[in-house]
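Chains as they are written, first to last, in this note's numbering: chain A, 52 to 188; chain B, 52 to 188.
Keep in mind that the hints were calculated from the coordinates and are not lab data. Be aware that one or more of the hints could be misleading.
[To be verified] BS3-like cross-link-like pairs, simulated, lysine-lysine; straight-line CA separation at most 27 angstroms:
| id | chain 1 | residue 1 | chain 2 | residue 2 |
| --- | --- | --- | --- | --- |
| 1 | B | Lys144 | A | Lys178 |
| 2 | A | Lys115 | B | Lys56 |
| 3 | A | Lys118 | B | Lys56 |
| 4 | B | Lys165 | A | Lys98 |
| 5 | A | Lys67 | B | Lys67 |
| 6 | A | Lys128 | A | Lys146 |
| 7 | B | Lys144 | B | Lys118 |
[Stated by the list, open to error] Per label pair, the in silico range of CB-to-CB distance:
| id | chain 1 | residue 1 | chain 2 | residue 2 | range |
| --- | --- | --- | --- | --- | --- |
| 8 | B | Asp181 | A | Lys118 | 39 to 47 angstroms |
| 9 | A | Asp181 | B | Asp181 | 46 to 54 angstroms |
| 10 | A | Lys118 | B | Glu95 | 32 to 40 angstroms |
Beta carbons are placed, not taken as given, at the ideal position from N, Cα and C, and that holds for glycine.
There are 2 protein chains.
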Amino acid sequence: MAADKKIEEGLSFQPKFDANGLITAISQDADSGQVLMVAYMNDEALKLTLETGNAVFFSRSRQKLWKKGEQSGHMQKVQQILVDCDQDCLILKVKVDQGQCHVGYQSCFYRAVKPGTTNELEFVAEKVYDPNEAYKK
Amino acid sequence: MAADKKIEEGLSFQPKFDANGLITAISQDADSGQVLMVAYMNDEALKLTLETGNAVFFSRSRQKLWKKGEQSGHMQKVQQILVDCDQDCLILKVKVDQGQCHVGYQSCFYRAVKPGTTNELEFVAEKVYDPNEAYKK
């Protein structure tokens, strides 16, 4: 099998980390199919996720491991990890409780480009919790 | 409103392109919720997507605009564009025909990490078309 074909059609999991050692990881609600958030994993975060069954990411802003839910309590129980054709992106199918986004919504994708405009947004979701309370700011 | 709060809670669409001028764009089937692919857009690709209603990406490997479906015919009709809290990732809710991945599957995410392993994959989908035919290799 050619190298590309091996990556695309083979059964060896060879996640392709980028120049910064990171791979994109999408969290998707295993039940509803809603995309909850997009984050990044380094090799260690992926290993810990596989070992523990709870989503662990690598925070680019804090430059350290980010055990999702450690502070907020909103963990993500990983049911399945999907990988795309060139193995440079993952989907985590997760079981979650309510309130996954730090702003207070269930999903980080709570706004959409307003129809008929190119630079305006509109809210498409309601807050499900008060982040000021959860994060004790 | 503080700068962060404006980005996270405001209604101005200010997509945050990375150091390479790209933003991550997830295509999700508007009907089924299935994540089809993850690609990237530069400013021009996003503008063209907004203008034409068809998904246009920027190919990192070819370093040029990639009008999805131009070669394969499998276009993506954009119904809605969602943006995440820090505005560095987009979801395109799209209407599609069958066969979105160039390998022959409906979604690029046709394999999953095999339960109980950390380095093996298993197929979780069936091919829906023959890419050798579609791309006339």
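Structure-based check of each hint:
Only pairs whose Cα atoms come within 27 angstroms are accepted, and Lys144/B paired with Lys178/A is accepted, the gap being roughly 21 angstroms. Restraint check for Lys115/A and Lys56/B: the C-alpha separation of about 23 angstroms stays at or below 27 angstroms, so the hint holds. Of the supplied pair hints, the one linking Lys118/A and Lys56/B holds, its CA atoms being roughly 24 angstroms apart against a limit of 27 angstroms. Of the supplied pair hints, the one linking Lys165/B and Lys98/A holds, its CA atoms being roughly 14 angstroms apart against a limit of 27 angstroms.
Pair hint Lys67/A plus Lys67/B holds up; C-alpha atoms about 24 angstroms apart against a cutoff of 27 angstroms. Simply put, Lys128/A and Lys146/A have alpha-carbon atoms about 5 angstroms apart, close enough for the 27 angstroms limit, and the pair holds. Annotation: proposed proximity of Lys144/B to Lys118/B holds, straight-line Cα distance about 16 angstroms (limit 27 angstroms). Judged by the Cβ atoms, the range 39 to 47 angstroms given for Asp181/B and Lys118/A holds: they are separated by roughly 44 angstroms.
Checking the proposed 46 to 54 angstroms range against Asp181/A and Asp181/B shows it holds: the Cβ atoms sit about 53 angstroms from each other. In this structure the supplied range 32 to 40 angstroms holds for Lys118/A paired with Glu95/B, their Cβ-Cβ distance being about 38 angstroms.
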